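Protein sequence lines correspond, in order, to chains C and E. Positions 171 to 730 (this note's numbering) are the ones given, in order, by the first sequence. Positions 171 to 730 (this note's numbering) are the ones given, in order, by the second sequence.
Do not take every clue at face value.
A pair counts as met if it fits within one copy or between any two copies, since identical chains are not told apart.
[Claimed, not checked] Calculated lysine-lysine pairs in the DSS-like style (CA-CA distance at most 25 Å, straight line):
1) K173 to K682
2) K175 to K720
3) K723 to K539
4) K720 to K539
If you are wondering where the hints come from, they were derived from the structure by calculation, not from laboratory data. Values in this document were obtained by computation on a predicted structure and should not be read as measured data.
There are 2 protein chains.
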Amino acid sequence: MGKAKYTIGIDFGTESGRAVLVDVATGEEVATAVHRYVDGVIDETLPGSDVPLPPDWALQNPEDYLAVVEVTIPAVLRQAGVSPEDVIGVGTDFTACTMLPTKADGTPLCALPEYRSNPHAWVKLWKHHAAQPEADAINRIARERGEPWLQRYGGKISSEWFFPKVWQILDEAPEIYEAADRLIEAADWIVWQLTGNEVRNWCTAGYKAIWHKRTGFPDRSYFRALDPRLEDVIDRKMSRQIWPLGAKAGGLTPQWAERTGLKPGTAVCVGNVDAHVSVPAATVVTPGRMVMIMGTSICHMVLGTEERIVEGMCGVVEDGIIPGFQGFEAGQSGVGDIFAWFVEHAVPPVYHEEAAARDVGLHELLEEKASRLRPGEHGLLALDWWNGNRSVLVDADLTGMLLGATLATRAEDIYRALIEATAFGTRVIIEAFTSSGVAVDEIVACGGLPERNRLLMQIYADVTGREFRVARSTQAGALGSAMHAAVAAGPEAGGYSSIVEAAAHMAHLTDKVYRPIPENQRVYDRLYAEYVRLYNYFGRGENNVMKVLKRIKAEARGEA
Amino acid sequence: MGKAKYTIGIDFGTESGRAVLVDVATGEEVATAVHRYVDGVIDETLPGSDVPLPPDWALQNPEDYLAVVEVTIPAVLRQAGVSPEDVIGVGTDFTACTMLPTKADGTPLCALPEYRSNPHAWVKLWKHHAAQPEADAINRIARERGEPWLQRYGGKISSEWFFPKVWQILDEAPEIYEAADRLIEAADWIVWQLTGNEVRNWCTAGYKAIWHKRTGFPDRSYFRALDPRLEDVIDRKMSRQIWPLGAKAGGLTPQWAERTGLKPGTAVCVGNVDAHVSVPAATVVTPGRMVMIMGTSICHMVLGTEERIVEGMCGVVEDGIIPGFQGFEAGQSGVGDIFAWFVEHAVPPVYHEEAAARDVGLHELLEEKASRLRPGEHGLLALDWWNGNRSVLVDADLTGMLLGATLATRAEDIYRALIEATAFGTRVIIEAFTSSGVAVDEIVACGGLPERNRLLMQIYADVTGREFRVARSTQAGALGSAMHAAVAAGPEAGGYSSIVEAAAHMAHLTDKVYRPIPENQRVYDRLYAEYVRLYNYFGRGENNVMKVLKRIKAEARGEA
């Protein structure tokens with residue numbers, strides 16, 4: 171065996187970027203560095219301006235992404251004491267769809283003085299929600315035309331995705347649309363910066379830009395139906411050449427070699443997405459094992475051998491996660507953020523005081539108290555729609571419900587009921603997959619929640635009737651990118667020939683297994699039946715009270 | 171005009187008794203005294219014992235009632251500086267059904283050494299809930315036999331009422347049942363003590379003991395069907411002679427004259443019930459004006475000219491409130507206690523800190539914040555069943571629900587939604603009355619809530635579309651008893667010939683009128699339609715999830 175080789179994975183998140191330097195042979199995470207974006211999420215005013223942005227806007231400054239590379243790569247090299255010669259590749263993953271308009275050479279329009287004061291010149295972050303009118307029209311026209319691709323996205327294109335954002339630029343700032351030689355995912359833009367090559371990846375193209383490996387993008391006639399000026403958007407501002415995941419986009423440019431301390435020509439992998447790159451990092455490269463990235467929300471990723479239409483999924487993309495497989499994605503729009511809401515807004519002082527006195531977190535205290543309850547003992551049932559419902563109902567206007575409260579109900583009862591409700595929501599998603607022929611035999615969890623809340627993991631196992639394993643890495647995105655970097659470097663450089671091979675060496679699970687407890691399962695099966703009934707009653711149009719309340723609320727606020 | 175005359179009203183509550191000395195000509199409340207029961211609510215162990223009571227038991231010590239008389243009457247006389255000659259009558263009202271077994275001379279069995287250690291020898295307080303099995307059998311057998319009186323009680327006899335409690339004594343302590351020469355409401359027992367006369371009143375007999383002015387008690391054959399030993403319960407241990415409200419039960423005995431400082435022979439009125447006696451104290455002596463006694467729960471009292479069957483009412487009793495009228499009673503089992511639950515168990519520290527810093531109560535702070543919301547603005551809807559539902563569903567197994575929550579929901583939003591839910595619950599009751607031909611044109615509120623929460627009163631006016639007025643007295647029970655005392659004394663002694671006449675002089679409203687605001691009404695009409703739909707869906711058997719959850723909860727606790 172020769173000397174140890176390393177790759178660097180960089181995970182571009184919402185607030186910061188994180189680099190991890192990984193031993194290619196073992197997956198050991200040798201060094202980690204995080205850099206917060208200076209401008210963060212831009213949702214009030216543009217940097218250097220005091221003109222307020224409209225509601226629902228969320229922008230970023232691409233300079234922040236470059237700063238992450240420039241700061242974190244030298245930092246991990248320094249920490250690890252690793253020689254640049256032994257770093258064989260760099261991989262990146264990004265939030266998505268996070269996109270920007272650039273000139274033909276990749277210069278972001280927002281970096282040019284003449285466009286800098288126009289908000290549409292900046293990066294539209296994934297959670298920019300101001301393109302809803304465009305998304306609505308995109309969906310309506312697709313339904314009217316019977317576009318075949320719509321069902322691959324659970325019947326609905328999200329306002330967060332690529333074409334709603336593009337169309338919003340055209341609608342509201344045609345001069346920016348005109349000035350943009352390229353419209354590109356930040357995932358691909360960062361790779362372009364590092365390599366000088368504009369290469370676009372299968373993952374964001376497939377999940378966010380309605381691209382399909384065999385049939386490509388939607389027809390020109392469809393884009394023309396949206397707006398005649400959009401007819402040529404693919405050919406004029408994007409590309410029909412999409413690159414497979416794990417491919418080498420190019421070598422690191424001399425300029426970036428200098429700025430990072432790496433060698434020029436170091437292999438740089440094509441772009442990828444945080445959730446998707448976590449799948450092999452959680453050891454999953456074959457069908458039947460679902461990866462759940464559990465944090466503020468949950469992404470559910472599972473592989474299949476055939477394209478299946480699954481109700482309310484976010485998307486199915488061939489080769490979109492692991493080459494050779496259909497990659498299915500579904501999601502719950504509110505999980506950890508519901509628990510955070512509860513802890514911040516609905517827990518009385520006596521709990522805060524006890525937590526402070528015992529020097530434990532409030533989540534921890536509530537978990538401890540909730541752990542003492544037997545399933546069903548609190549008498550509560552909730553619908554976990556505080557942030558709407560993504561899968562399987564694809565309806566942002568649904569809202570949260572709690573039922574069963576009495577004068578004896580206490581905070582830990584509600585906390586547990588909220589955890590259970592999100593577990594029931596996951597079970598609905600799993601059943602949507604399995605009933606469509608996509609197997610989900612076992613779960614691997616990663617993200618922030620699994621390590622923090624064991625009660626939650628046990629409840630998920632009990633509710634779904636599946637064993638839950640936990641990925642060893644607590645930074646699965648960055649590790650997954652480092653694994654893809656090893657594939658881009660290739661075996662001749664000391665890397666791997668495929669992500670499957672990389673996963674076999676670099677991805678690991680913890681020893682902990684959460685197994686369903688039959689006695690709990692029996693109770694949860696009964697509660698789940700009640701959950702499903704309410705889910706259907708409130709979620710499928712039989713009683714639209716949640717929408718009526720939202721309408722009345724909007725009217726009361728003068729918004730409707 | 172002669173010298174001013176006075177009466178004393180004594181209101182026997184759950185934790186204490188309250189006497190008020192009132193100017194008969196004006197209703198002016200000249201002096202008030204409160205005495206807390208030493209043994210209070212006995213729900214853990216009997217006084218002087220450490221044998222624990224079973225769950226759901228609630229007893230009292232009749233000595234505490236006597237102490238109230240002995241302490242408070244001298245206190246109000248002293249405070250007011252009024253001569254006993256000028257006190258023309260004493261009236262009392264009680265919680266009900268609060269009952270006890272006694273010997274033939276009125277001695278409570280619990281006062282006798284041989285019975286003192288038997289819990290069944292003590293007073294069973296209104297909220298003693300351990301006779302549910304007996305209540306269930308009473309209802310089942312009544313339904314099977316098609317007993318005509320059942321519909322006068324909303325189709326269900328409560329476990330709190332007289333015969334379930336009597337039957338529980340027989341079931342569990344036949345020796346106490348046998349030793350009891352008399353079984354009697356505390357409302358009548360206290361009058362017996364003061365006068366030496368065992369007289370029973372129309373109100374408790376009618377509302378709690380299934381008595382009807384024209385048809386009397388249920389048939390002997392019905393009691394035999396319950397238990398052969400109960401066949402003669404009325405004739406052996408009760409009385410078929412029931413006295414009208416406002417009648418003079420007798421004169422104060424020399425012993426009690428001595429103990430109180432009043433003159434022997436001072437008129438003592440027959441017993442009455444706290445909620446019912448509040449009606450004339452709230453100026454209401456004619457149909458069309460509903461009195462709402464608003465506190466922990468709400469009692470809705472309204473007069474009618476004909477007996478009507480109203481869904482889910484607590485009862486209709488001819489002459490049961492005001493002679494000459496049908497007295498209708500309905501109720502909401504949870505109102506102020508839901509707000510109290512919320513404030514204690516679901517409001518985060520920042521509100522507590524703000525309230526403390528500004529030296530206001532938490533209810534006050536939440537009311538202030540909730541007042542800034544327009545109707546419908548919070549987007550929430552609740553079912554106010556934290557303590558079950560009394561009218562109109564008569565179902566203790568229903569539970570609370572909150573719907574419409576988002577990550578932006580705050581405590582004042584929920585607080586307001588809970589107030590609104592209780593107002594919607596009142597509207598359902600009002601509509602049950604009006605649709606059965608019992609007019610409810612206007613409301614008079616009394617009790618603890620109206621003076622404390624103006625937002626609540628305005629919401630009730632907006633939701634019900636009725637003007638709300640507020641009784642001037644904050645101790646309507648005691649004032650009502652003093653008014654009845656003036657009737658018992660009669661015009662020849664300086665009192666009145668009827669409660670109608672007494673009310674014309676002694677009962678008053680404040681100037682405050684809460685009028686429905688048409689703009690708010692329009693929004694609340696829409697929200698009410700949604701409330702009613704959920705009320706029926708969850709409350710009338712279409713979806714029994716609340717009962718399923720209660721069953722699972724009982725199983726989880728090993729109670730089922």
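Which of the listed hints are broken here? 1, 2
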